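**Student:** What follows is the residue order along each chain.
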Amino acid sequence: MAKGALMPAVEEIQEFLPNLDCGRCGLTCAEFAGFLLTRELAPEDCPVLHEPDYAGFIEALHELLGQPTVQAAAGMQIDLEKCIGCGICVAMCEFHLGNCADARLGKGPRPQDKVIFHIVNGGAVVVHQERCTRLLQAAEKCSKCAEYCPTKAIVLF
Amino acid sequence: MEARIESAICPGCACLCDDIDITVVDDRIYQAANICLWGASKFLAHKRFHPKKERRRLQQPRIKQGCLWQTVPYEAALKRTAEILTRASRPVIYGLTNSGSWAQEAALDLARSTRARLEPADLAFKAPYYRSLMKHGLFWASLDVIRDEADTVVFWGANPLHSCPRHVVRYSVFARGKFTERGLEERRLAAVDVYRTELAEFVKLFIRLEPGQEPALVQGLLAALTGGKPPAIRGLRRLAALLEEASYGVIFFGRGVSYGPAQELLDGLGELTARLNRGSPFIFFPLTADFNSTGLYHLLLRELGSPLAPDFGHDLAGTGQAEPVAWSEVDAVVVVGADLFWFLSQEEIDRLKKRQVPVVALSPFANRTTGHAEVVIPVALAGVETPEIAYRMDGLPLFLPKIVSTHLWSDSRVLRELTALL
Amino acid sequence: MGLVIQGGIVFDPSSNWDGEVRDLFIAHGRVVDHLTEVDEAIDARGLAVTPAALELRSPVAGYGQNFLRLWGGLPSPRELGESYALLGYTHIHEPDLTLPTANYVHRELAAIPLMDTSASLTLNLRDFDIFLKNKENLSEVAAAWAYLLEHCGGLTLRVAEPFVRYRQEFYQHRTISLEAVLDILDNILHILDSKISLEATPELLTAGLPSSGRFHLACLGPALVNPEALEKAHRLLAAGVSADMGLLPPAPRSQGSLVPLTIDQDRFAPCDLHGSPDPEAPRRALELALHCRQANLAFSAADLRQTPVSSFPQLFSWLCDHHSRRRFWGEDLAPCSYSLHDWLRSTRSLPAQHLGLPDRGHLRPGARADVSIYDLPTLSWWPQSFNRCRMLLKAGERVVDNYEIVNHTVSKATFYRRTGALPNHIIDGLYAKSSFRPGNLRVHPNPEIHWQKAP
Chain A
0 MAKGALMPAV EEIQEFLPNL DCGRCGLTCA EFAGFLLTRE LAPEDCPVLH
50 EPDYAGFIEA LHELLGQPTV QAAAGMQIDL EKCIGCGICV AMCEFHLGNC
100 ADARLGKGPR PQDKVIFHIV NGGAVVVHQE RCTRLLQAAE KCSKCAEYCP
150 TKAIVLF
Chain B
0 MEARIESAIC PGCACLCDDI DITVVDDRIY QAANICLWGA SKFLAHKRFH
50 PKKERRRLQQ PRIKQGCLWQ TVPYEAALKR TAEILTRASR PVIYGLTNSG
100 SWAQEAALDL ARSTRARLEP ADLAFKAPYY RSLMKHGLFW ASLDVIRDEA
150 DTVVFWGANP LHSCPRHVVR YSVFARGKFT ERGLEERRLA AVDVYRTELA
200 EFVKLFIRLE PGQEPALVQG LLAALTGGKP PAIRGLRRLA ALLEEASYGV
250 IFFGRGVSYG PAQELLDGLG ELTARLNRGS PFIFFPLTAD FNSTGLYHLL
300 LRELGSPLAP DFGHDLAGTG QAEPVAWSEV DAVVVVGADL FWFLSQEEID
350 RLKKRQVPVV ALSPFANRTT GHAEVVIPVA LAGVETPEIA YRMDGLPLFL
400 PKIVSTHLWS DSRVLRELTA LL
Chain C
0 MGLVIQGGIV FDPSSNWDGE VRDLFIAHGR VVDHLTEVDE AIDARGLAVT
50 PAALELRSPV AGYGQNFLRL WGGLPSPREL GESYALLGYT HIHEPDLTLP
100 TANYVHRELA AIPLMDTSAS LTLNLRDFDI FLKNKENLSE VAAAWAYLLE
150 HCGGLTLRVA EPFVRYRQEF YQHRTISLEA VLDILDNILH ILDSKISLEA
200 TPELLTAGLP SSGRFHLACL GPALVNPEAL EKAHRLLAAG VSADMGLLPP
250 APRSQGSLVP LTIDQDRFAP CDLHGSPDPE APRRALELAL HCRQANLAFS
300 AADLRQTPVS SFPQLFSWLC DHHSRRRFWG EDLAPCSYSL HDWLRSTRSL
350 PAQHLGLPDR GHLRPGARAD VSIYDLPTLS WWPQSFNRCR MLLKAGERVV
400 DNYEIVNHTV SKATFYRRTG ALPNHIIDGL YAKSSFRPGN LRVHPNPEIH
450 WQKAP
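Residue numbers (numbering that gives the first Met the number 0), protein chains in the order written: chain A, 0 to 156; chain B, 0 to 421; chain C, 0 to 454.
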């Protein structure tokens, strides 16, 4: 990423999405925005953005996200073969500690809670990578999720 | 058509996590948030240890005629089962720890009316525990209190990550309770087992013993606590110190204790707990895995005055038996929500077949028992396809409503109609 | 369906009927003034007709009570329901229901046949301690309690530990003394216009209750650990405080040979269900009951392990018959005994009053037709006649007839108080600490339970 440039926030990305939650891509618009940030999806993957009403949106998103070849500054990769869905990572996450009372206690987050990742269908799934504190800290990046995973299913990069 | 259901309850294990947020599409469960692999195996029908492999649902009742299976309606399957039970003089109703409380009550009525023995699937695990309680006393608390208070946690012969994965997060290790707000940081942990498990990742004091060494360790701990001379077992002194310095302790014991000299070990642990309670509060707690095992023992104790396996063939009051049933004496089995044949030795299976003991299996999924049974009756998944009551491992009941529909009968309906036929 | 109980000798202390011959008319399950047409007549000539009894304190369904059965300390639910019915009871009340265990308690109560049930919501003051210290917060605490009462399916409020104390060092600053708590409770009860039941302890007897009349002292017996406690109890009863007896057997059963049975319910002290009281407490409890028979003192047994329901006739006989006292206790203990009027008052009128059920405990028009009919003795009024009722009607339906249970499946309900209170931030805070999500913490729509709002 260019020096001094910050990762765009989900809200900024969402300004250039249809925000209809039509589900044609299989996700809500908020989830799609998250995947854009982690580079798992590209703006072209949204079928609605190809319609004339949304001319220029795809280009704007590319500009916002930066060059497609640039990697995200930090992220987590979960090996679903190893993950047992115990949720230790969700409870130990530094971000969750301050932002999700249920996760702090040891319970599962509610659908409306602010989380980086949560357990779905027995495996950990990232939903808002950009909230991870690893993106903000220069040195001594937090690695609690990987550290405490009992099956070593999390790889941090 | 999509529906969102919040705070559904998971019948995957005895944690009965009630924070499952489900998305149902066209009457099928599409997605379940906050559910571990064990719960996913119930809601999404895949194998517990191999999530990529589907578990086969049984769709129609069937009866074995010679070597061939014949699909029959429920009524015919029930009629045949009734015939089997009427002919039998020593029938057993086995399992029930993975059934809801209404099904368990129906099974108790059936056992009474057919003079059968009701055999809980985990009797070898629970019976020695209850007998130890009666000798040494009960020190009990709900999981919330344990989460809030316990600064010292010992897992004995238990691997919660295998039997009830979210337990360590919700209650015993990582949870941040009222007086344990620092969570893992302020919990002093220990584990005792015959092989090293994933617990060792965060439990620093992990004592690995040879099978059969456990009673010696317990006696050694008692000696250390009472000023005697303990034997030289690696880790004993550290564990004794851990226990002695506890402000509030819990000893969770798991199925592992039932694989060795269970009664001796549980008596020892019961005595140890009673002794420790003279200093600080210490809870002695079975780490139940089957989602409504606690409900079954609660029911038996409440209705019959004993949590052991009631044998109505023995006498009308159904005296509780502590020793697991001798299969060589049984002449008919109704298996409810358990895979009996998975647990029996090949010898025992051969003998049952040789004696032509008829087996009736009530199960949602195909398993070894349904493969061998004479009558197979598919049933709805309790807490998913049919409403039921289940008890969390600390004895608190929850009402599990129906989430999706099915044409299959519930096991409580099958058992009730069976009783009515007899 | 019109029913008349004809020619019975009616005893109802709260209506001032002390053995008058009256016809009782019953329609739609209630006592009515008069009926010109009746479908059925019950001939009660020469028989004692009384309101059915209510059990104010029946610790049968609390969390952990089931374990008592391991040592034979509690009979099966069926036996409980039947023993109570045969004595002439139609309602039992569980004192120990808490927010986390509400569903457990209600399920246990639903398992007891024949009896209507209710429970006291036992509040844990430690859950509210930061709010209690400030007078401005008390109306919100009151609203929170009213909300919890309804949503836990409770009928009355109770506090087992009227103080706030912690074992943990770093929570010592949150301690609130017994005296301070009593004052705070008095304020909250004034806001709620309600009463509360406090579990009697020697400290509580000494403390001096506020004189507002909003406090009920539960289970006095075990608290009478010394003559001073007895003296204090006498004074409180003389001043009109309402209480229940907490009677115990002369020699507590198998003292010392029982193992501990402790249940930690997040209170300062865990409850030991196998605890044994002071050896002199039983005698003092009976003495107190005898001397204070005119007081606001309802009948109760301290715990059903020591005095099972089947032994209640014996307890009644100690109150009513000095011969019986001499036999079991070796002495009279007091110069007077309970008359039939006194006994009925302590087992019918007062419990109904304390539970806040205005249509029970009496037989005036409007009352629910819960009627127990006994043989009337010819010699001293207290023989075995009152050990077993001849007939028991529950809302006009026969439960017991000819001394036997005739309807094992009579309908039963769980009574609770509807307060209409709304949740507030105190409730949110409370629910946030629970392992259950709020939707699952409230009493769930269990089809096994038939709920009825108390009038």
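It should be emphasised that the hints constitute simulated quantities derived from the structure, not laboratory data. Check each hint, because a few of them may be wrong.
Unchecked claim - Derived lysine-lysine pairs resembling DSS-like cross-links, with alpha carbons at most 30 angstroms apart:
hint: 1; chain 1: B; residue 1: 401; chain 2: C; residue 2: 452
hint: 2; chain 1: C; residue 1: 432; chain 2: B; residue 2: 401
hint: 3; chain 1: B; residue 1: 352; chain 2: A; residue 2: 143
hint: 4; chain 1: B; residue 1: 134; chain 2: B; residue 2: 352
hint: 5; chain 1: A; residue 1: 113; chain 2: B; residue 2: 177
hint: 6; chain 1: A; residue 1: 113; chain 2: C; residue 2: 432
Note that the structure is a prediction, hence the values are computed from the model and not measured.
**Student:** If a hint holds in the structure, say so; if it doesn't, say that too.
**Tutor:** Hints, verified against the model:
Our distance criterion of 30 angstroms between C-alpha atoms is met by residue 401 of chain B and residue 452 of chain C, whose separation comes to about 27 angstroms. Proposed proximity of residue 432 of chain C and residue 401 of chain B is supported: the alpha carbons are some 27 angstroms apart, at most 30 angstroms. Only pairs whose Cα atoms come within 30 angstroms are accepted, and residue 352 of chain B paired with residue 143 of chain A is rejected, the gap being roughly 54 angstroms. With a C-alpha separation of about 40 angstroms, the suggested pair residue 134 of chain B and residue 352 of chain B falls outside the 30 angstroms cut-off, and the hint is violated.
For a cut-off of 30 angstroms, the pair hint linking residue 113 of chain A to residue 177 of chain B stands: about 23 angstroms separates their Cα positions. The straight-line distance between the Cα atoms of residue 113 of chain A and residue 432 of chain C is roughly 19 angstroms, inside the 30 angstroms bound, and the hint therefore holds.
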